[in-house]
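Peer 1: Protein chains in written order, with my numbering: chain A, 502 to 870; chain B, 2 to 304.
Warning: the hint list may mix true and false statements.
Said to hold, decoys possible - Here chain A is said to cover these stretches of chain B; the calculated rule only asks that three of the stretch's residues, wherever they fall, bring their Cβ under 8 angstroms from a Cβ of chain A:
1) 28 to 37
2) 41 to 51
3) 91 to 105
4) 240 to 253
What the hints assert, rightly or not - Derived SDA-like pairs: lysine to any residue, alpha-carbon spacing no greater than 20 angstroms straight-line:
5) B/Lys91 <-> A/Ser798
6) B/Lys105 <-> A/Glu707
7) B/Lys91 <-> A/Leu706
8) B/Lys50 <-> B/Lys103
9) B/Lys245 <-> A/Gly539
10) B/Lys91 <-> A/Ile705
11) A/Lys795 <-> B/His224
12) A/Lys512 <-> A/Asp653
13) A/Lys795 <-> B/Ile92
14) B/Lys67 <-> B/Arg288
15) A/Lys701 <-> B/Lys207
16) A/Lys512 <-> A/Glu794
17) A/Lys701 <-> B/Ile92
18) A/Lys579 <-> A/Ile614
19) A/Lys809 <-> B/Lys245
20) B/Lys103 <-> A/Gly704
21) B/Lys207 <-> B/Arg265
22) A/Lys512 <-> A/Lys579
23) A/Lys746 <-> A/Glu707
24) B/Lys245 <-> A/Phe604
Please keep in mind that the hints were generated in silico from the structure rather than gathered at the bench.
Predicted model, so just to flag it, every value in this text is computed and none were measured.
Glycine included, each C-beta is placed from N, C-alpha and C at the ideal position.
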Amino acid sequence: MTLDDSIKNKKVLITCGTGGVGKTTLSAALGVRSAWLGKKTVVVTMDPAKRLATALGLKNLGDHPTDLTPLLIEAAKKIPGARAPLGTLAAIMPDTRRTFETFVRELAPTPVIADRVMRNPIFQLFTKEFSGANEYMALERLDAIVRTGDYDLIVLDTPPSRNTLAFLDAPQLLARFFEERLIRWLVLPANKLLATGMRKALGILESLTGAGFMTHLFDFTAALFEVRTGFTANLKRITELLKSKDVGFLMVTTPTPETVEEIRHFVDTLHDHQFRFEGVALNRTLGYLEVEEKERSQPYLVLRGLQKRERHVLEELSRTGIPLCAKLPEMARDVHSLEDLFHVAMAFETGSLDQHDLRPNGARSSKPT
Amino acid sequence: MIDLKTGPAPNSIAETLSRNLIFVGGKGGVGKTVVSQALALLHAQSGKKTLWVAIEDPTRPPGELKKTGPSLWHLNCEATHAFEEYAGLKIGISALTQLFLKNKLMRYLAQAAPGIHELVLLGKIWHERLQYDHVVVDMPSTGYGLAMFQSTENFSRLFRGGPIHRDAEAMLATFADPKQVGQVIIAIPEEMPLQEALELDDYLAKLFPKNRAAFIANKIFPHSSSIREPANDWEKNPLARTAKEYIERRQRLEADNLKTWEERSIPWKELEMVPPNEGAGLEFVVRALAEQLQSRIVDRALK
Chain A
502 MTLDDSIKNK KVLITCGTGG VGKTTLSAAL GVRSAWLGKK TVVVTMDPAK RLATALGLKN
562 LGDHPTDLTP LLIEAAKKIP GARAPLGTLA AIMPDTRRTF ETFVRELAPT PVIADRVMRN
622 PIFQLFTKEF SGANEYMALE RLDAIVRTGD YDLIVLDTPP SRNTLAFLDA PQLLARFFEE
682 RLIRWLVLPA NKLLATGMRK ALGILESLTG AGFMTHLFDF TAALFEVRTG FTANLKRITE
742 LLKSKDVGFL MVTTPTPETV EEIRHFVDTL HDHQFRFEGV ALNRTLGYLE VEEKERSQPY
802 LVLRGLQKRE RHVLEELSRT GIPLCAKLPE MARDVHSLED LFHVAMAFET GSLDQHDLRP
862 NGARSSKPT
Chain B
2 MIDLKTGPAP NSIAETLSRN LIFVGGKGGV GKTVVSQALA LLHAQSGKKT LWVAIEDPTR
62 PPGELKKTGP SLWHLNCEAT HAFEEYAGLK IGISALTQLF LKNKLMRYLA QAAPGIHELV
122 LLGKIWHERL QYDHVVVDMP STGYGLAMFQ STENFSRLFR GGPIHRDAEA MLATFADPKQ
182 VGQVIIAIPE EMPLQEALEL DDYLAKLFPK NRAAFIANKI FPHSSSIREP ANDWEKNPLA
242 RTAKEYIERR QRLEADNLKT WEERSIPWKE LEMVPPNEGA GLEFVVRALA EQLQSRIVDR
302 ALK
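Build out the structure end to end from the sequences listed, making use of the hints.
Peer 2: Next comes the structure, spelled out in structure tokens:
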């Protein structure tokens, strides 16, 4: 199954992977290809480094959808043999802080409660530099976008994570906070029905954290307690969405010695959650280059070594039956324009780029539209 | 952005690498693990008692402390272990510690409260540092690594008074001290990692203005004088057509990319990409890089 197949069959594609594998660029390329094939497409990236903005050659990608269709049409004109895109492309880079605040405001029964939560120093800590919130908010935003019904395909570029699975676990972890059995003790601190053990533990916590903190904590949880019904309903909907047949997960990775193990781990976790795996997009490959044996200088040795390592990874993937949806070539420079993304997307149809595809101007000829 | 010239720069990269506690940070995929292990190996090879720390490596047992060579230990720092150890240290009485740790609510807070995770991991490292001549930490990638220092600062402010506050303050004082702690930022010669390195440096400079980071550019593609400069038409097509073209373009691209550091007057050292050696594994690369660190950084500084 190729990436073109995934684009055609799904309503949501979620790309996962560690840092430095080209995930954001690939997500953007998926968006470009999808729009080109005729779908109303949006690419959502949470990436704080504004990489999508770089990949799309834009500087101010924002929280509201930016329509890239006119730019896409212009870019297509620069690619020989390419016809105009049949669909539309938008991009969103949600502001995590804003998204979390919107989230709280929507869930809180009254504005007073929402304000109380947001003024609380613990909440403020919670939304600063907190990596877990990024992951969860990406899913909340995805859910909101799905519900608008505005798009045929949503590509969600997840925050890069050494532990890709943190992204998948985020909802469950937050959900536990709202378990009534736990929250009850924090909401009713003066409750004399508290068991001795619990009272002692809270006492120890207080002695460790100093005066004031416990008050903030009780206040925070009391306020948050009010939003639990809305939150739990959201969570349930998000989990069902992720399990649906319209949603597919893609793992983006590069050929390193750890790759296969990482992929296996990821696939197992997806399986545990009952999410659907589209396959692996192996990025930054060099196998498409022919390296002559007679070349023995250091650069060629390195190149050959890298190619050999890549072959091992491909063999291993094949042997273990892990689906490979695309083998994408390492670009000789950074990708920073929509035209570049067209090049990246060239491999989506057949799954990889071959030597004969590398025409002087880089474009493929006689591809059916 | 803070101008590098206004803050004191490290005496030299070699000096930074010789401090007691070294944090190795940078974007995901730049080689922090290998470079930090190489640095640890280098210290151990000169007879110094050295600890290399991984932060929650899922492929190793959590909390594992393994002796990997004469004078060299590897620790897989893990938050739950660190938390329990810390609780034991602070609460003191064993029965009370157990009560605290077994309490469902405390367990939940320890796991889910944002920042606690990061705080205890850093706390463990800080606590261990004086047991060794050198501690080299393989930090999580940029934002996540930064969150560890940021959390320490946040909690220090949140818990006004109390033992955790005092410890957090002590930790921050240590990290700010250029006599004790070194920050090393690694990047590969690509646009985004180089840019993130500068951003990380800026953030760290805000937290620890008197203790600026040292920079290393890793995985530099080997240079070969027989290769010419590539033709200038690569803007149209990002894909190389032949191996020779790829190599030419790559060398040129890396040099161009590194201009972002040049423009900011960032001094840096380079480590060359080690040809993948089939079947040799991580240790082979670590040893090769340790040699490079020795010859390119340490030996040159001694001249």
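Peer 1: State for each hint whether it applies.
Peer 2: Hints and how they fare:
1. Figure legend: the stretch 28 to 37 of chain B, annotated as covered by chain A; annotation consistent (4 residues with Cβ-Cβ distances under 8 angstroms, at least 3 required).
2. With 0 residues having a beta carbon nearer than 8 angstroms to a beta carbon of chain A, the stretch 41 to 51 of chain B misses the requirement of three or more and the stated coverage is violated.
3. Counting residues of the stretch 91 to 105 of chain B whose beta-carbon sits less than 8 angstroms from any beta-carbon of chain A gives 7, enough to reach three: the coverage restraint holds.
4. With 11 residues bearing a CB less than 8 angstroms from a CB of chain A, the stretch 240 to 253 of chain B meets the requirement of three and the coverage assertion stands.
5. Simply put, B/Lys91 and A/Ser798 have alpha-carbon atoms about 59 angstroms apart, too far for the 20 angstroms limit, and the pair is violated.
6. Pair hint B/Lys105 plus A/Glu707 holds up; C-alpha atoms about 16 angstroms apart against a cutoff of 20 angstroms.
7. Taking the CA atoms of B/Lys91 and A/Leu706, the gap is about 11 angstroms. The hint holds against a cut of 20 angstroms.
8. With a CA separation close to 36 angstroms, the supplied pair B/Lys50 and B/Lys103 exceeds the 20 angstroms bound.
9. Restraint check for B/Lys245 and A/Gly539: not satisfied, since their Cα atoms lie roughly 38 angstroms apart, outside the 20 angstroms limit.
10. Simply put, B/Lys91 and A/Ile705 have alpha-carbon atoms about 10 angstroms apart, close enough for the 20 angstroms limit, and the pair holds.
11. With a C-alpha separation of about 18 angstroms, the suggested pair A/Lys795 and B/His224 falls inside the 20 angstroms cut-off, and the hint holds.
12. Taken as a hint, the A/Lys512 and A/Asp653 pair is honoured in the structure, with Cα atoms around 6 angstroms apart against an allowance of 20 angstroms.
13. The straight-line distance between the Cα atoms of A/Lys795 and B/Ile92 is roughly 68 angstroms, outside the 20 angstroms bound, and the hint therefore fails.
14. This hinted pair checks out: B/Lys67 and B/Arg288 have alpha carbons roughly 18 angstroms apart, not beyond 20 angstroms.
15. Annotation: proposed proximity of A/Lys701 to B/Lys207 is violated, straight-line Cα distance about 39 angstroms (limit 20 angstroms).
16. Only pairs whose Cα atoms come within 20 angstroms are accepted, and A/Lys512 paired with A/Glu794 is rejected, the gap being roughly 46 angstroms.
17. Of the pairs offered as hints, the one joining A/Lys701 and B/Ile92 holds, with about 12 angstroms between alpha carbons and a cut-off of 20 angstroms not exceeded.
18. A threshold of 20 angstroms between alpha carbons decides the hint, and for A/Lys579 with A/Ile614 the separation of about 54 angstroms lies outside it, so the pair is violated.
19. Pair hint A/Lys809 plus B/Lys245 holds up; C-alpha atoms about 17 angstroms apart against a cutoff of 20 angstroms.
20. Our distance criterion of 20 angstroms between C-alpha atoms is met by B/Lys103 and A/Gly704, whose separation comes to about 14 angstroms.
21. A hinted pair counts as satisfied when its Cα atoms are at most 20 angstroms apart, and B/Lys207 with B/Arg265 qualifies at roughly 17 angstroms.
22. Restraint check: the Cα-Cα separation between A/Lys512 and A/Lys579 comes to about 29 angstroms, which exceeds 20 angstroms; the hinted pair is violated.
23. A distance of roughly 48 angstroms separates the Cα atoms of A/Lys746 and A/Glu707; the hinted pair therefore is violated under the 20 angstroms criterion.
24. For a cut-off of 20 angstroms, the pair hint linking B/Lys245 to A/Phe604 is broken: about 53 angstroms separates their Cα positions.
Comparing the model with each numbered hint stated earlier shows that hints 2, 5, 8, 9, 13, 15, 16, 18, 22, 23, 24 do not hold.
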